[in-house]
Amino acid sequence: MSFSTLTIGATGLYAAQRAVEVAAHNVSNANNEVFTRQRVTIQSALPTPGTPGLRGDGDRGTGVSVLDISRLRDRLADVSYRTEASISGAADARADTLSRAESLLGTFGDGAPEALSSFLATWNQVAMTPTDASARSSVLAAGQRLAEGLNAAAQQLTTVGHEVALRVTDDVNELNGLLASVAKLNYEITKASTSDRSPNDLLDQRDAALDRISALTGALLTPAANGVVNVSIGGVPLVDGITASTVATSGTEPVTVSVGGAPVTFGGEIGGYVAAVGVDLPAYRTQLDALAVGLRDVVNAAHRLGTGLDGSTGVDFFTGTSAADISVNPGLTTDGVAASETGAQADGNNALAVASALRLTVAIGTQTVGDALRSFGGRVGQATADAVRNAKTAGASLNAAAAARSSLNGVSVDEEMVDLVKFQHSYEAAARVISVADGMLDKLINEMVR
Amino acid sequence: MRVSTLSNYLTTTHGLGSALERVQQTREQVASGKTLTRWSDDPAAASAAERYRAEEADHTTYQRSAGDAQAWLGTADGALQSMSSIMVRVKELAVSATNGSLTTASREAIAQEVEELRDQLRDLGNTTHLGRSLFGGFAPTALGAGPGGVVTLTGDTGEVKRQVSPTITVTVNVHANEVFGFAAGAGQDLFSQLDQLATAARTGNTAAAGAAQSTLQARHGDILKGLAQVGAVSNRVTTAQAAGSSALQDLAERRSEVEDVDLADAVLRMSSAQAGYQAALGAAARANLPSLAEFLR
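Top line first, the protein sequences correspond to chains A and B.
Take 1 as the starting number for the first sequence in my numbering and just add one per residue.
Take 1 as the starting number for the second sequence in my numbering and just add one per residue.
Think of the hints as simulated: they come from the structure by calculation, not from any bench.
A couple of the hints might just be wrong.
[To be verified] Distance ranges between label pairs, derived from CB positions:
1) Gly365(A) / Ala285(B): 51 to 61 Å
2) Gly365(A) / Ala279(B): 49 to 59 Å
3) Arg64(B) / Thr313(A): 40 to 50 Å
4) Gln25(B) / Ala283(A): 21 to 31 Å
5) Leu20(B) / Ala283(A): 28 to 38 Å
6) Ala252(B) / Ser137(A): 51 to 61 Å
7) Ala285(B) / Asn226(A): 46 to 56 Å
8) Gly276(B) / Glu21(A): 22 to 32 Å
9) Leu220(A) / Leu263(B): 47 to 57 Å
Even glycine gets a Cβ: it sits at the ideal position worked out from N, Cα and C.
Put together the whole structure using the sequences plus the hints.
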């Protein structure tokens, strides 16, 4: 009989306590999205070698020891989550940008296409009553409304571009913070792992930062020695060991993102915004400008041929060179509206000619102004619908990846309860071992002497 | 598959979110009565709806023009009908004037009636519609008074046009130079001939009266030709109006088909979405309650 039974019992108590502690830590972090569940790894303690040559005195167990408290993190789930996060970030950014630009042509059913229809109707009215001042001034007003519709569309594109540039600036600021914290965490983690500690909660923090970096940029994450993770994009390092680069952005249109002065193509949310504002919006603007120029040329060509009540002829109806500045000719008066073909005041035939030129002339590509306006609306709508649908699909994939990852990494309260019960029983059993040893020693020491 | 507390929560919230989104979408459709409130709701349908709307606006414009054209043509028709019946009387008087056995008083009476009828014809020739001369082209009047009360042509040949359908533009006016025979040559016009007839009747010059009679016959023919022209144009406008109004109805129906909600269907979809949401809520409430902790005492 030796005292080692007491010590063995004590190691059991200790291990059970640690296990219960870890279970408690897990349960309390059950709803922490960043948290990775932890496990106590226990193993039997080093045995004491027996007395050589003595039979039945082989290596004797010395109880249990806590080897490690480890993080149960699935790397593959991280990779697939981060890929989805980057895709979803880019899709969301594009959908966000295009949705803001969707109402370019005004309210559906009461926007620029309707303004064009009423512009046409006023020309037909002037054709009927060419000397009527109110009919003439409504041509000018309807023309101005149409021009202002295009101005507003161009203005909206500028506003959206500006908002997106600000958004990219915010994202880049956030990214720089994240890069700095990853570099700092790399340092802490290296220090901890070289001194043989398990920096579980630091790793969790760094993983959370890396998740967000992936969503923002779609950067490449490369694990390196001593627990370091390097971040790079297109071969340009963003975090290299314990040093972080600073990302810069232009802050205005054209929106660019650069690292150390060299432009870098980003993925993720930042890349999505940069692409939307650099590709989609300029395409919209080109189409709008073509619309404005086509409208101006068709109306002016027909209007110049006519004569106004004041005898003026060869006058332009619209001025301007783009959607942003198209306007009814400020020099055109009510009497200057060229409704007359022959110069006679009661002649309204040129007004008819303007209306039918506007209805029939192929002015923009292979389309009339009205068709071009409507198909522009359709194209904008289609691009927005596609972008929103893509974002939805990407969001669903991201959700699935998040659920899959958290089902591997996350805490299950049920499991922890089972562990609690299990280790509670171990603890009771170890305590019982100690009391049995105590009883035996009591027998030996107190009762045998008597 | 392992289920963690958090993944259970994520799946549940995602499910609830998408169920609620469906409720929101269907409710919006029922409330607005439109399936399309944005271009992106259904870009192809939205383009079609906008095209129908633009065509409807054009057809409404054409209908208004056609109404105005009919008013012009109706007024012209009335004026020409009156002229024609005056011409019947003029021709009777011309026949009387060729009779050499009339008394001076009778001849004077004929001459005076002819002059009276000439004035009536002149007034009819200056008929206006909404302030515009019917027979004067773009000029404010068709006929004026020259020296010695001679009726002169002041109208021009300006064509008043109305677009009454996408493809039809009609000329709604007839011109004084054709209706009154100014185009036939100097002195051949209706009013010169009437003056000649009056003079012939007054002086008893039966030969001159006879000459005037045959020219007046031709002038009556001109008026009838004008009537026929007005009638023909009016028929075209009527046809265009009928086609236009059925096109309008058709366009409105087609637009409603793409743009408006089938209410029964939409309400049904809304209640099914709501039922789905309630089921998701119920499931979430039941699924998230228990854990082993509940059963350990």
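Taking the beta carbons of Leu20(B) and Ala283(A), is their distance inside 28 to 38 Å? Holds, since Leu20(B) and Ala283(A) (Cβ atoms, about 35 Å apart) stay within the stated range.
Holds or violated: 49 to 59 Å for the Cβ distance of Gly365(A) and Ala279(B)? holds (51 Å)
Could one say that the CB atoms of Gly365(A) and Ala285(B) fall in the range 51 to 61 Å? Holds - the Cβ-Cβ distance for Gly365(A) and Ala285(B), about 57 Å, lies within 51 to 61 Å.
Leu220(A) versus Leu263(B) beta-carbon gap, inside 47 to 57 Å or not: Holds - the Cβ-Cβ distance for Leu220(A) and Leu263(B), about 54 Å, lies within 47 to 57 Å.
Given a hint of 22 to 32 Å, does the C-beta separation of Gly276(B) and Glu21(A) actually sit inside it? violated (44 Å)
Is 40 to 50 Å a correct range for the gap between the Cβ atoms of Arg64(B) and Thr313(A)? With Cβ atoms ~28 Å apart, the hint is violated.
Could you tell me whether the CB distance from Gln25(B) to Ala283(A) stays inside 21 to 31 Å? 29 Å Cβ-Cβ, so the 21 to 31 Å window holds.
Using the Cβ atoms, figure out if Ala285(B) sits within 46 to 56 Å of Asn226(A). holds (48 Å)
Can you tell me whether the CB distance of Ala252(B) to Ser137(A) sits inside 51 to 61 Å? violated (30 Å)
Going down the numbered hints, you'll see the structure goes against 3, 6 and 8, while the others check out.
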